[in-house]
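K.L.:
Chains as they are written, first to last, in the working numbering: chain A, 399 to 843; chain B, 871 to 1089; chain C, 278 to 697.
Possibly wrong hints are sitting among the right ones.
Claimed, not checked - Okay, derived cross-link-like pairs now, SDA-like style, lysine to any residue, Cα gap no bigger than 25 Å in a straight line: (1) A:LYS594 / C:GLN309; (2) A:LYS670 / B:VAL1083; (3) A:LYS472 / B:ASN936; (4) A:LYS441 / C:LYS541; (5) C:LYS541 / C:PRO565; (6) C:LYS296 / A:LYS829; (7) C:LYS296 / A:ALA625; (8) A:LYS724 / A:ASP705; (9) A:LYS475 / A:VAL455; (10) A:LYS541 / B:PRO1006; (11) C:LYS681 / C:ASN316; (12) A:LYS541 / A:THR427; (13) A:LYS782 / A:LYS829; (14) A:LYS594 / C:THR659; (15) C:LYS654 / C:ARG598; (16) A:LYS566 / C:GLU442; (17) A:LYS441 / A:GLU462; (18) A:LYS594 / C:GLN361; (19) B:LYS939 / B:THR873.
Hints were generated in silico from the structure; no laboratory data involved.
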Amino acid sequence: MGDPAVQNDAAVEAKVVDEGIDRGVEALTPERIESVINQVFEKETGARLQAYVETCVHCGLCSEACHFYLSNDKDPKFSPVGKVKQTIWEMVKRKGRVDADFIRNAVEVAHTQCNLCKRCAMYCPFGIDIAYLMLVVRRICHKLGVTPLYIQDTVNSHSVTMNQMWVKEDEWIDTLQWQEEEGRDEIPDLRIPVEKEGADIMYSVIAPEPKFQAGLIYQAAVLMNVAGMNWTMPATPGWDNSDMAMYTGDNEIMARVKRSHFETARRLRVNKIVMGECGHAFRSIYDMGNRQLGWKMPPIPVQHAIDFYDELLREGKIRIARKFEKSVTLHDPCNIVRGRGLHEKSRSVVRAMCDNFIEMHPNREHNYCCAAGGGVINCGPPYKQKRMAGNRVKAEQLAATKAEVLIAPCHNCHSGLEDIIHHYKLDMEVKFILDILYECMEKPE
Amino acid sequence: MHTIYQFVSGPLAWIAFILFAGGCIYRVAALLHTVYQKERFIFSYMSWRHSLNSIFHWIIPFASVNSRKHPVMTVVTFVFHISLILVPIFLLSHIVLWDEAWNITWPALPDGLADVMTVLVILSCVFFLARRIVLPEVKYVTSASDYVILAIVAAPFITGFYAYHQWPGYSFVMILHILAGEIMLIAIPFSRLRHMLFSVFTRAYMGSEFGGVRHARDW
Amino acid sequence: MSTMTDWDFDPGEKVISMKEWKERYEWVEDPQVSPDGENVAAVVNLGNGEFTVCNNGEAWESPCEKIWCLRFSPDGRLTAIVCQEMEWTMSVDGTFWDSRFDFLWNTRFSDDGAHIAAAWQNDLTYGMTLDDVSWETGYSNMSGMCLSPEGGKTAAVVQTIGLNEGEIFKFAEGAYTAALNGKTWPRNFMNVWDIAFSSNSEHIAAEVRLDRTTYTIAVDGETWKQRYDCVWTPKFHPSEHKVVAPVRVAGAWTLAENGVLIWKNRYLQLWQTLYSPCGKHIAAIVSPAYGKWTMAKDDQPWNNRFGEMVSDPVFSPNGDRLAVSVKDNGKWTLAVNDQVWGQWFNRVWGPVFSPDGRYVASRVESDGKFTCAVNGKAWEKTYDFCLDPVFSPDGDRLLVRAFKDGAYYRIVIPTTQIAG
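Please work from the sequences and hints to get the whole structure.
P.N.:
Below you can see the structure in the form of structure tokens.
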């Protein structure tokens, strides 16, 4: 049995107040629910949904894949198939004739109890993609106008500014100029080349970087300058690679935001897009956003930071001056490990920088999710306690390593794991790979 | 009794086989047609190599992480499915029927082994039933239909076992056995037993997405 | 002000070495080249946190704290956005505008280069300025800034109602609209994107979102009656008052004119519509099948399909030919009227037609070496970097603007030297 604190958390969770859901549910009518569900089933889904619903033999073998299930004392409501039962199955069985309370529960299940991490797809003997099913639920809820408030606000930001954090156009450019100035204190001829058409690389980030973590842009600029890259950053919208619309089922806004990103790279005619340490953004530009627009693969190659660092280190463009001394462990973010198989590359980068690397278990494709991704952390404070209670296994997994530093090469994982560490009072510091790489790399005197 | 036997083993058997074969073809064709109509993009990601890689990792016992996590379930599942498929096809008394009707024949399982495998199927069904009742995560997602399906699968084996051993009233049970077998055949394309048909496709798709696009294992 | 007929199209080479600049200044930023190729300029660092612009070796007089967005206008004037004493303004050939701003960005030129516009922020309000004359009203946010083709009017998407964090229901009621010369449309929308000007600059059209899932086109603030799953950028007919836009209906894209579907085919994707100069033809980038891209002219898709990208479509001046850059299997080339160039390159920029439409040229890159290609043949001379080639008015000469080994080269060659 879990510790009492966790159970208390769960009790508090029963009364989540989320205006986005509450007001959205108030406006629902049975007719509207039925028509939207059936519209999505008939027009927007097909063989996958049908095969997944009809193939599932209700064996429950996916349960142990899910950190929410494991952390909530194996409460079957939190098992992947348990979430499908509470949502899609009923919608299919009742041909969309479900009531507003059902939708209220469904939106919470799909939005805040599933990180779309796809670990369960690796545990289902049939390879049923439950993350996809949860996305269908989110799509239905989006069309019904019932989406958690915080993440909807983020999607609104995407729709207006093409970035996640309401960063205005001047603020973005100003941030780049500011970071360039800051960088010159350290490397006097450091440049952040803005709008350099024909550069080799467009470096793209997510909006929290200019908003709260401008130092990451600084570090990336140092890395690019030291490695001698021919790179640029755009001065127009399209610089942001993040995408919460992907996670609310607002596929039209997802498409618009991704189009803006790829069109920007096309306009600058770069050879490739290199992106910072973010997982969901990678999923959006490598997997989901491009597909929504009709691109089988990204029209301009995208390279995740881990792959890029690995390449720079292997080619000797970046050299390690001194090894990082603290003991480190490494978190495998779902979207770039189950989503792109970068787990060996991240290990090779970490081993190049750190002498004392401790694996957490399970790891690689089987690593436990951070419980923040999939738009869950973006649903905001109302769900934080549930998120903490829902990832006790991660805390246990981290604690077992006894490492001093946790490397989390993904923004959502990073924030989510910081919350976990704080909540479970673990003595651990969370870092991006770039934090350590910047600290340990050879820089001009 | 004889006419009932004639009926269930004659016209009804025809109907069952036709519904089974036709139903299976229809289901698979309809699935692929729907993909073609509505999610054609799926075809562009399908890869034989990654599909087969994924399928093999899941049809070989203990080749996937999850199958290692549940060793009992894995053993039971494999024994169950192998017996479930082999016994009806390679049972001597079934082959005799094919021989009599169509003059075709093939090697048979030793009767003793077939008997053991039948018992294993029945025990497996008991195990699955117990899982549904005992394990909370299974119980939570179990509906009445799951019990019905389990009964449909167990029935031919229980009745067959009974009839084979010629216990009292076995000739009546034999009719039930034939009926049960026919129900199961028909149920395959028209119930969740169609995972027999679809699981290859869902597995292949996930294998192709993981292997070809995501460059990650899905087992 | 120079017009193209005055440009020097006599075959020959002019070289401006920038090596000496690098000695003179702390550093030299990415150079810009004038349309006629006679000038090369760069932002240069004077040291002590001071910057200026060096144009053909001559520096602008007043140094600045910051300089960015150095651009030549189509008429050859050199502009930059500059900062002095924490205030931003536009410098045109070294002369500053009178206005000062908290921030200035997004320089826009009219087609002839006579007019210059930019976006500004003052005290956290936003607006546009045209030739140093600013909108009277500032808005709390602004995006999608544009300048009409002849340069008389500016437009942008603006926010007219304040939104606090998390006010998603207020957002849904509509806080955004379009502003023409700073004056907003009479109504707001949930979103407004991608304003298009009519060729006479009298009208604007834009994509609008009415609620989470309903999109349409608005012309001068009036929406089309029809509603769609999604829409992309509208385009005005070059001479008549009608608007076309890609619209998504029942999960597939097609083209609508004033709200009425005018193309019969349905596509997986359809965007970047363009009229031929006379307005007789409409073309668009389309995806006829998943992961396959091509051009469609008057709803007839080309036979060639490309796996990765189709980009920068352009009609020849007489409207008979349609050229586009295409990407397939990681390589780029050009396709003209459904004929694909034989040679593929690492990168190819947008096509450039000669005025008579005989030739199509483009800047190309392979193995890090840049050059120009005409009608499918790449010039054997390569450079470290190139700009788009420019044809002489009769199309017989080609102006190549390129960089090599720290020097800028202005080269004029007979077009046939590349095209054969």
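K.L.:
Take the hints in turn and mark each one as holding or not.
P.N.:
Okay, the hints, checked on the actual structure:
1. A distance of roughly 10 Å separates the Cα atoms of A:LYS594 and C:GLN309; the hinted pair therefore holds under the 25 Å criterion.
2. Restraint check for A:LYS670 and B:VAL1083: the C-alpha separation of about 18 Å stays at or below 25 Å, so the hint holds.
3. Restraint check for A:LYS472 and B:ASN936: the C-alpha separation of about 16 Å stays at or below 25 Å, so the hint holds.
4. Annotation: proposed proximity of A:LYS441 to C:LYS541 holds, straight-line Cα distance about 20 Å (limit 25 Å).
5. As the CA atoms of C:LYS541 and C:PRO565 are separated by approximately 13 Å, the hinted pair is consistent with the 25 Å bound.
6. A C-alpha spacing of about 43 Å is found between C:LYS296 and A:LYS829, which places the hinted pair above 25 Å, so the restraint is violated.
7. A hinted pair counts as satisfied when its Cα atoms are at most 25 Å apart, and C:LYS296 with A:ALA625 qualifies at roughly 23 Å.
8. For the given pair, A:LYS724 sits about 23 Å from A:ASP705 by alpha-carbon distance, which is consistent with the 25 Å threshold.
9. Restraint check for A:LYS475 and A:VAL455: satisfied, since their Cα atoms lie roughly 17 Å apart, inside the 25 Å limit.
10. Restraint check for A:LYS541 and B:PRO1006: the C-alpha separation of about 34 Å exceeds 25 Å, so the hint is violated.
11. For the proposed pair C:LYS681 and C:ASN316, the alpha carbon gap of about 16 Å is at most 25 Å, so the pair holds.
12. A hinted pair counts as satisfied when its Cα atoms are at most 25 Å apart, and A:LYS541 with A:THR427 qualifies at roughly 13 Å.
13. Straight-line distance between C-alpha atoms of A:LYS782 and A:LYS829 comes to about 21 Å, which keeps the hinted pair within the 25 Å bound.
14. Between A:LYS594 and C:THR659 the CA atoms are separated by roughly 20 Å; this keeps the pair inside 25 Å, and the hint holds.
15. For the hint pairing C:LYS654 with C:ARG598, the CA-to-CA distance comes to about 18 Å; that is within 25 Å, so the pair holds.
16. Proposed proximity of A:LYS566 and C:GLU442 is supported: the alpha carbons are some 14 Å apart, at most 25 Å.
17. Only pairs whose Cα atoms come within 25 Å are accepted, and A:LYS441 paired with A:GLU462 is rejected, the gap being roughly 33 Å.
18. Distance restraint check for A:LYS594 and C:GLN361: the Cα-Cα separation of roughly 24 Å lies within the 25 Å cut-off, and the hinted pair is therefore satisfied.
19. About 51 Å separates the Cα atoms of B:LYS939 and B:THR873, which puts this hinted pair outside 25 Å; it is violated.
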